[in-house]
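Visitor: Residue-level listing of the chains:
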Amino acid sequence: MSLVVENLTIDHGAIRAINNLSFKASTGSLTAVIGANGAGKTTLLRGLSGLIASKSGSATWNGQSILGKKPEDLARSGIMHVSDGKSVIAELSVKDNLALTGLWRKDKKDVAAVTNEIIGLFPVLGERMSQSAGSLSGGERQMLAIGRALIARPKLLLLDEPSLGLAPLIVEQIFQTIKSLVKNMNLTVVLVEQNAMGALKIADEGVVLNLGSVVAFDSAQKLLNDPAVRTAYLGY
Amino acid sequence: MSQFITAVLTSLSSGAIYALMSISLVLVWRSTRVINFAQAGQAVITTYVGYEIISRTGSFWLALIVAVLTGALLGAGIDRFFMRPIFKRIQSGPIAVIAPVVATLGLLGVIQSLIGMIWGIDYQSIEAPVSTNGFEIGGSVIAFNRFNLFVLICVTTAMILLTLLFQRTNIGLALRASAYSPEIAKLSGIKVDAVRTFGWALAGAASGLAGMLYIPGYYLHPNAMDLLLVFGFIAAVIGGLDSLIGAVAGAMILGFGISFSRSYISTEILFPTAFILLILVLIVKPGGLFAAKKKRGA
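Each protein sequence line maps, in turn, to chains A and B. Under our numbering, the very last position in the first sequence is 422; numbers go up by exactly one each time. Under our numbering, the very last position in the second sequence is 279; numbers go up by exactly one each time.
Be careful, since some hints might not be right.
Straight-line alpha carbon distances no greater than 25 angstroms define the calculated DSS-like cross-link-like pairs of lysine-lysine that follow [said to hold, decoys possible]:
hint : chain 1 : residue 1 : chain 2 : residue 2
1    : A       : Lys241    : B       : Lys69
2    : B       : Lys266    : A       : Lys256
3    : A       : Lys256    : A       : Lys292
4    : A       : Lys281    : B       : Lys266
5    : A       : Lys241    : A       : Lys294
6    : A       : Lys255    : B       : Lys266
7    : A       : Lys341    : A       : Lys210
Just so you know, the hints here were simulated from the structure itself, not pulled from any lab data. Keep in mind the model is a prediction, meaning the values are calculated, not measured.
Given only the sequences and the hints, what does the whole structure look like? Please build it.
Guide: Shown next, in the form of structure tokens:
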């Protein structure tokens, strides 16, 4: 029961964005994927969620291949990708943004229940239900994007740079929320982050990417203490 | 005074027809980023279907319903079997922008030739289901009749239904989300391709309605809706191309501009008025009157 990526290769036009990449994320764990700009982090998530096609290799979730499937089908099967930065639809209200992932769910009672849970988790969203998502601050948008994903009751959450452009205090808050979600909602999370330090601190495992390849895959604790990772990515 | 009232009333009824066409164009543009030139062909061929029903059954009402449904089916079919394969094959580069639009232009030609093959190119007419004798105001007959009133009622009803669909229903939310951000919609589990086909169906239904409401005042021939396509397009651009409210507002501005200049300046001034209005709006507000607001940065 886990996400297994083996020898995944993805081309971005003429550029090989992901090269022969392998890693595993076991159920209920938080895996941080770190690396410099252009290392292929975002491409990896877009490949896993079906937004872009892969060239070769495999990726399975609980034993079933997820490559070559449509993003909407993967989303419905419990694999939710919160794409880069503040992925909300600015023109729609907060309420409508949250409703998107409940539209196709059969169990409307549970949709209502989980929506209430989300509002409990992020009370500010409850206060701003009828405002347009475009009027929210960066942190609030991130909460909305994560909240929307959670309403689908996902099993695997792919988060792309939730800390992007947020003030340090908000980043800390978002990271702690993500950590608690893994425990409370029985989630498996793959967290792509430029903020390597913050991500590794809350993660169980860490994947270090460079130019589309895995240069290190280890427990987050070990990576935090690894001298090479420290100088290259953590800056001390 | 009666000239003024007449101008207002004809503005409303011609604006209503322009609105149907501009809404059709906007519905497709929002979901597909394509200006659908074939809309004129779709509108006219569904009107021919209506014409066929009338000549067989004599019922305008049955023809109206069948034409609107045919328009919806045709719109959905064009997206599903014509546009979608094109989009699949060409996904990037300048050709991805041009090819689909040129394809709709080609489709317009195909539809119009097809009409010629089936029904011929002679002028046909559809009789209005209600009187087309002008109403009387203070003893003088004005150029606004029962059928014009019927057109206004029909279009207003269609607008109300469309607004309710967009604002109050799940499919409406899916339509809006897919139009604003197809990627986020997909990642939220919405079947964007199917939603887009539904948008094309709505556009097809609206243009079918436009044809059935417009032709009774004129004649039916393969190019009968070409002018309306131009006016619908101008109205859509005035309204910002992305906004349904803008499409209606643009159509009304156009309707009023044309009717008033025709009744107070010259009946020959149809085209200049439309294009002068368009140019004025584009100079003052290049994005159109109801251009989507820019997203707030981080």
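Visitor: Are the hints correct? Go through all of them and say.
Guide: Verification of the hints:
A threshold of 25 angstroms between alpha carbons decides the hint, and for Lys241 of chain A with Lys69 of chain B the separation of about 18 angstroms falls inside it, so the pair holds. With a C-alpha separation of about 39 angstroms, the suggested pairing of Lys266 of chain B with Lys256 of chain A is violated against the 25 angstroms cut-off. Under the criterion of a C-alpha separation no larger than 25 angstroms, the hint pairing Lys256 of chain A with Lys292 of chain A is consistent with the structure, at around 20 angstroms. Note on Lys281 of chain A and Lys266 of chain B: the hinted pairing is violated, with a Cα-Cα distance of about 31 angstroms set against a maximum of 25 angstroms.
Between Lys241 of chain A and Lys294 of chain A the alpha-carbon distance is near 38 angstroms, which puts this suggested pair outside the 25 angstroms criterion. For the suggested pair Lys255 of chain A and Lys266 of chain B, the alpha carbons sit about 43 angstroms apart, so the restraint of at most 25 angstroms is broken. Restraint check: the Cα-Cα separation between Lys341 of chain A and Lys210 of chain A comes to about 15 angstroms, which is no more than 25 angstroms; the hinted pair holds.
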